[in-house]
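Novice: Chain by chain, the residues run as shown.
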Amino acid sequence: MAQPFRTAEGGRIDRSRSLAFTFDGREMRGHPGDTLASALLANGNRLVGRSFKYHRPRGLLAAGGEEPNGLVRLRRGGRAEPNVRATLAELYDGLTAESQNRWPSLNFDLGAVTGLATPLFPAGFYYKTFMWPPAWWPAYEGVIRRMAGLGRAPAAADPDRYDHRHDHCDVLVVGGGPAGLAAAQWAARTGARVILADEGSEFGGSLLSGNESLDGKPAMAWAERILAELAAAGNVHLLPRTTVSGYYDHNYLGMLERVADHLAEPADNQPRQRLWKVRAGQVVLATGALERPLVFADNDRPGVMLASAAQSYVNRYGVRPGDRAVLVGNNDSAYPAALDLAAAGVRVAALVDLRPEAHLDWLARLDEQGIEVMAGRAVTGVEGRDGVRGVRIAKLSDDGKGIVGGVGREVECDLLCMSGGWTPSLHLFSQSGGKLLWDEGLASFRPGEAVQAVRVVGAAAGRFDLTACLAAGAEAGNAAANDSGHRRRGRGPRRPTAEEMPPPLAARPMFLIPGGRGKRFVDFQEDVTAADLQLAVREGYRSVEHVKRYTTAGMGTDQGRTTNVNALGVVAQELDVSVPEVGHTTFRPPFSPVTFGALAGRQVGELLDPLRRTPMHGWHQANGAVFEPVGQWLRPYYYPAPGEDMQAAVNREVKAARHSLAVMDATTLGKIDIQGPDAAEFLNRVYTNGWKALKVGSCRYGLMLGEEGMVMDDGVTARLGEGHFHMTTTTGNAASVLAWLENWSQTEWPELRVYCNSCTEHWAVVSISGPNARKLMAELCDDVDLSPEAFPFMTWRQGTVAGLPARIFRVSFTGELSYEINVPAGCGLNLWQTVLAAGEKYGITPFGTEAMHVLRAEVGFIIVGQETDGTVTPLDLGMDWIVSRKKDFLGKRSLSRSDTARDDRPQLVGLLTEDPNLRVPEGAQLIPGSDPRPPVASQGHVTSSYESPNLGRTFAMGLLQGGGERHGEVVHVAFDGRAAPATVTAPRFFDPEGSRARG
Amino acid sequence: MAERRIRHSPLAHLHLAARVVVDPGDAGARMSERPPRAQLAVRGDSGDKAFVAAFKAGLGFSPPLAANTVVTHDGLAVFWLGPSEWLLVGEVPGEQLAAALADRHHALVDVSDSRIAIGLSGPRARDVLAKLCPLDLAAPALAPGRCAGTILARGHMLLHVLAEDSYDIHVHRSFADYAWRMLEDAALEYGVAVIDGGG
Amino acid sequence: MARYSIFALARNALRRHRDWPLAWRSPEPKAAYDAIIVGGGGHGLATAYYLAKRHGITNVAVLEKGWIGGGNTGRNTTIVRSNYLHDESAGIYDHALKLWEGLSQELNFNVMFSARGVINLAHDEHEARELRRRVFANQLAGVDAEWLTPLQLKEFCPILNVDPGMRYPVLGGALQRRAGTARHDAVAWGYARGADGRGVDIIQNCEVTGFDIRDGQVRGVRTTRGEIAAPKVGVVAAGHSSVLAEMAGLRLPIQSHPLQALVSEPVKPVMPTVVMSNAVHAYMSQSDKGELVIGAGIDSYNSYAQRGSLPVIEETIQAVVELFPITSRLKMMRQWAGIVDVCPDASPIIGLTPVEGLYFNCGWGTGGFKATPGSGHVFAHTIARDEPHAINAPFTLDRFHSGTLVAEHGAAAVAH
Amino acid sequence: MLLIDCPWCGPRDEVEFSCGGEAHIVRPPEPANLSDAEWGDYVFMRQNRKGVHYERWCHGHGCGRWFNVARDTVSHQVLAVYAMGEAPPEV
Ligand SMILES: Cc1cc2nc3c(=O)[nH]c(=O)nc-3n(C[C@H](O)[C@H](O)[C@H](O)COP(=O)(O)OP(=O)(O)OC[C@H]3O[C@@H](n4cnc5c(N)ncnc54)[C@H](O)[C@@H]3O)c2cc1C
Ligand SMILES: NC(=O)c1ccc[n+]([C@@H]2O[C@H](COP(=O)([O-])OP(=O)(O)OC[C@H]3O[C@@H](n4cnc5c(N)ncnc54)[C@H](O)[C@@H]3O)[C@@H](O)[C@H]2O)c1
Ligand SMILES: Cc1cc2nc3c(=O)[nH]c(=O)nc-3n(C[C@H](O)[C@H](O)[C@H](O)COP(=O)(O)O)c2cc1C
Ligand SMILES: [Zn+2]
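In the order they appear, the protein sequences are chains A, B, C and D.
Heads up: the first sequence begins at 19 in my numbering, then just goes up one per residue.
Heads up: the second sequence begins at 64 in my numbering, then just goes up one per residue.
Heads up: the third sequence begins at 863 in my numbering, then just goes up one per residue.
Heads up: the fourth sequence begins at 28 in my numbering, then just goes up one per residue.
Looking at chain A on its own, in the form it has when it is part of the complex (with noise of 0.2 Å):
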């Protein structure tokens, strides 16, 4: 198959293979070394898509990263990518696209009628309208959410695999040009760790696209030799495909690097994407510059393009992006691109200068070709609507905001080459921190001083020759490497000189050409027009971050990487003040849009969080448990029996807890160990109670307050020696409760002699409940005296219990007779099996995290995080028992404050509705009326709420205000519109002495 627009020979493709894709479904052939975009051009194919407001039709703009136009929607199915830039996408055989935001096809695209209407549609025309009728607003919005947006987001999930990498080094070289080049073959002859990313992929630049010479060669044959040298070196590391997207705090940055997106598909297990995260020492920022469009009357049209891309295609990609061009320029650049164009069999028709003066060095360059040059004028206007018909040339006034001698004349040309002058590429330098300072010379900025430990060199710096491009790179990586401690031994590499250029002369700023009707587009991706920038300014909104805002320029996927400058200079202009005066909006990372998967890395699916298991676990999944998640933790919720349901299964644990034996895995308690001489002394401080008087073998439980005299956590302790104490923790809360201690022990009361230790890992916990406990413990037991008067409840006792070394605790968060047995993690397993198969004839069943809950609130135990939620005290709670008065303790005060001390706060409650079978909802509000009709007070809530099968009947637990004084009153639990009597109580139901668990 044919490509008509390919050039005979030169390019950096591999004309022995061809490759096949399909734009839109038309199936078109390329060459290994293409990008989608040269592969287009290549096929005769300028249209590549549909402008984002007014739906114009665009063709490519640039040819690298900073495209605006071409962007288009990659792959198919789960791996279908919308608004990838044609210019960046490496073809591949078999590579399918479509282009975006338009309908039914880009030929035809009926969004198109907008345009019709532009008049209408000025910046912000929507925040003038769709107000009326108000109801109306909604299918406004609809119709305005569709015209929006660009591309479609896939419909399937992601197949691909994304990684993660950090990495450190003392020498982050961004952008391999010819000064990058130089600044890591400098830092590299010092022995220093480097790192080399480039967004291409191939490292070289600019050089990739021009044909400048180095030492009489071509200046890439140079770039070669140094990128061998690097690739050989050990202390390089070099990242093509790898754009540096952000740069943050205290030299880290990060960088995107496209490992797979050249390819149909990754290899297996090879990831898609690889971002980056590097700690640099010194970052030396070589990433050159951006050409800048000029502003003239439909200056967006299909062929019209930057003259650097034109000369990249022509150069690098062996491309013809026309047949007949027209170049234009306020600055040199058009000339090289010029001679470039016609050396490839390019017509040029004239190259037009906005100087008054053509470049006398270039121009006799040119005359050599039959370029004729055409200076102090402008391109006013472009023919064609889908490609570019001809251009209308006219003579500029001497300020520039004229045209004098009539509307000039008409040119027939398929491309026309802009460049309205350079910006160095200085995102990442600003998102360092470093300022930027205009630059008259350059109609831009440059950068300014450095905040962090980075220098910018060649382009990025405003320096636009080669050999002052090298020597700069050079010098650069040369003083980074120094700064970061790593010296040359030895001479430098030897300097490259390059071919004599024409000296420069100085460009004609001009951020807008006058003449002609049509539209002059400002940011080409946002569809923004210099008389949107002007309506701005002339509605008051000045500033530039209004102006922005207003106008949508440089929000746009490219960030207005081409456009910002001029639209600077157009609100200047309109303000009538200086570009500096002006100042630019932020630049933010990311540099190039990051997708989504290589941010998330691998912490996606089952790897997102990570799912601590105890030592049961797979025994727990093995007979069917249903977990929980808590915290990280997955806790068996209960063990449902084939077919059975939550509440029968639950039941049938409740019920076995206490009639006769049932097991839980508790090893997910937090637990810490605190030893030393002032341990006692020190739980005094963080617990409400007092710990002084336990004794050695005892248990006591604590609660523990934040200074503000909430409830933060609480457990039962134990006093295993005289300085020395096992202290249990909410399984949520064990992370925490730890950190916690360790902060007042470390910074507030040093002068305590006392270690924390975190041993919840060691110990593996399973805790046996019910009336059969004891008989259980006698078998599996034998080295303990197990009789409640010599191993009495809230004691505990070191043992043996089914052949391992363990520490009983007689504790019980169920009410019955219960030990908690620890064991060392790694025989947890053993110890639960065993437990299990010795329990068999007391039918013991192992009961979940639900089942706890109802045989705890049958006797009025708490959760913390469910009776408590932050702003419950324990005086709230009813638990005026475990406040001491003789000892202050953390947020003792707080409890006396005087909204604190109120009596009416709620109060921890039992509710019992009148009709016993109906479970309210947890949450549910309680309310002192029948009438749950909004607006009603609430006086507070229901916190837990049951089906008891050992009462028979519902019950719920409440903080209700004022509630400790409400027993026997009537309330009604507000919920779904429905509101339900209910008895005020005491919080416990079941067993009210405690006797069973003392038993």
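Certain hints may be false.
What the hints assert, rightly or not - Once the Cα atoms are required to be at most 27 Å apart in a straight line, the calculated DSSO-like pairs of lysine-lysine come out as: (1) A:Lys537 with A:Lys146; (2) C:Lys915 with A:Lys146; (3) A:Lys537 with C:Lys1130; (4) C:Lys915 with C:Lys927; (5) A:Lys146 with C:Lys960; (6) C:Lys1130 with C:Lys1016; (7) A:Lys904 with A:Lys710; (8) C:Lys915 with C:Lys960; (9) A:Lys453 with C:Lys927; (10) C:Lys927 with D:Lys77; (11) A:Lys453 with D:Lys77; (12) A:Lys710 with A:Lys905; (13) A:Lys419 with A:Lys537; (14) A:Lys413 with A:Lys537; (15) A:Lys673 with A:Lys859; (16) C:Lys927 with C:Lys892; (17) C:Lys915 with C:Lys892; (18) A:Lys793 with A:Lys673; (19) A:Lys713 with A:Lys904; (20) A:Lys146 with C:Lys1130; (21) A:Lys713 with A:Lys910.
FYI, nobody ran anything at the bench for these hints, they're computed from the structure.
Please build the complex by placing chains B, C and D with the ligands on the supplied structure of chain A, with the hints as guidance.
Specialist: Chains B, C and D with the ligands alone, transformed into the frame defined by chain A:
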């Protein structure tokens, strides 16, 4: 009842033994589960000379006092975890230490079952680890023989550098499955071989 | 003030949009005003608007150190809802929501308030309990709220992942249908235009550097553009509240943290509502322009730099990809941060201070955008009458002494 | 991502630490003798400086030690790191 410990590995459900190969071939990463070892947490003030002397006496050699260092002696590795914290792994002289430290403020906690170690080695071991850990693995601070408490993805690890391309990754037992999966996922790109973790 | 309408657009189109009036003037500051508002964010501008409109106090200046709306008003994820837990909070946020519902018409400026619903997901029993508690509390307070099952959620938001095998499965969610989003910048501009049209001077690039306080009474402010006198000064400076308080010799219980957000590239509509998740920490909506607007968490340290860090963004996107798997191949287009004024009980402070004539409105933290109209409305009342409106009476500074906190942590953990 | 120089372990990434807010707050020795206002100030009022901020960090994923940091809240530059109990340095 006589003691009869049967220890289960927190990685048992992964059936690693069945995957063990003798020749890892060209796999970039080799992973193994290390056998369980006794572990003891030791607390005391490294600024207290008498404590340090007693600690040394209890060990029979000088404990590591510099940050992120390990002293290994006769089957016992002593890891510096912090200025008042060490982890002993291996032939732990528990009673000897308790006796030696009796007069100084200290804490000894048996944490033998708290952590397990995953071995990671092979030509790409460092690359694998660098995916999950923010430390500069090439820095002198992590030369062979050093250790560091740090991050492994969203978990915590005690990293022990055995050699240029060989690490022991000590993780808490409940995180072992997560750590293994994360490491293996990170290593897939380079090829993974499960090898024997030694006895 | 010329009215905005489709007819005005058509008329102006004929004149090539040359004659649109200024949305607001840019006057030089006068020597004295009846009242000064410090901070030209949404809350400050709304305060000025209601002072002029409801209280007839028009000799007012809004002093803004940068550009109006450039603080958190211009950088928030625009979630508007009123389903807070406590009656005090529901009171002020629902007051605001009612004002939102007619705000475009009131201001004659389309603020694009879009009642597309806001969903809060529950991923464990604890979250489900807390969310349902809120639903029930809201039902009593007259704030619309309903509970959706995973299947109903999927229907309401088809791209949501409700696979029971998720690491943190979705157990259900609370939906407030009247809630939604609004166009944040337009809120500042609409109030500015409305206030300016009633005589308020909006003075940008004017930083307050000190207060003139004599005999316990405020007399005016010092600014980078000179001294300006006023017997009443209302400070609405969000992340900078502590800095201004210190100038006035006051202490606030506020910490300033960066709160981050990001947008994806614009895509065609995929996200019909707003989804917020606490356990899998992220929240997401889609703007009318097409970007997915995603909120992250706060960075843990105090900061006045409006920039955040990469790890917070990574975690957020991990959550987003988990909740919305089809977003994996979309791309982050821009990330930024705002400085939020975090109060210990996650509720604002609105009212009088020990200095006579000096009022503070702050502590909105991560969730004050939604309150903008209501906050401005009651703050104007507070300034005009020198006493709080019933709606803001609970939000005193004194509550940190008495302990009468309005603890909205549960409702505010992902508080936007 | 801040780089924080742990006094023990050396420079480590911010994610290894937790930030504990303002440093040098002393718990009142006799809380019972304080007024509600004085106690409230101790519990809730915190410096929130724009500029140099003295704060506490804990190296939770490393040595577990708390220490003090002087940091600029605008530039995020870490100006000093010093031990618990030491007086804040002039920066
Ligand atoms: C990323 C992010 C996401 C958020 N998401 C939501 C959300 O989804 N929903 C929600 O309800 N809320 C959200 N919020 C919170 C919300 O943005 C704020 O609470 C709200 O906008 C505060 O408005 P404001 O007018 O008080 O403050 P701002 O808009 O910050 O205005 C304060 C103004 O005071 C000015 N100022 C400061 N100091 C001085 C001085 N000395 N002199 C003069 N002027 C001064 C500032 O320049 C600023 O313009 C979010 C915030 C952030 C940062
Ligand atoms: N005649 C002129 O007016 C003119 C103008 C501009 C440039 N030039 C020429 O261009 C050359 C400048 O060399 P240079 O090395 O400074 O720049 P360069 O343009 O050659 O190289 C810059 C490189 O940085 C890469 N890059 C940019 N941002 C990046 C990022 N965020 N992440 C990764 N990679 C990124 C680009 O892909 C590119 O390869 C000189 O040869 C000079 O003569 C001439
Ligand atoms: C709701 C919302 C939507 C946004 N959409 C875009 C967008 O489409 N394109 C863009 O570049 N920035 C967008 N931004 C980000 C702004 O450009 C800007 O980053 C943010 O307002 C913070 O300001 P700053 O970056 O100038 O400090 C959006 C911000 C918000 C709050
Ligand atoms: Zn440390």
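Novice: Among the hints numbered above, which are violated by the structure, and what are their numbers in rising order?
Specialist: none
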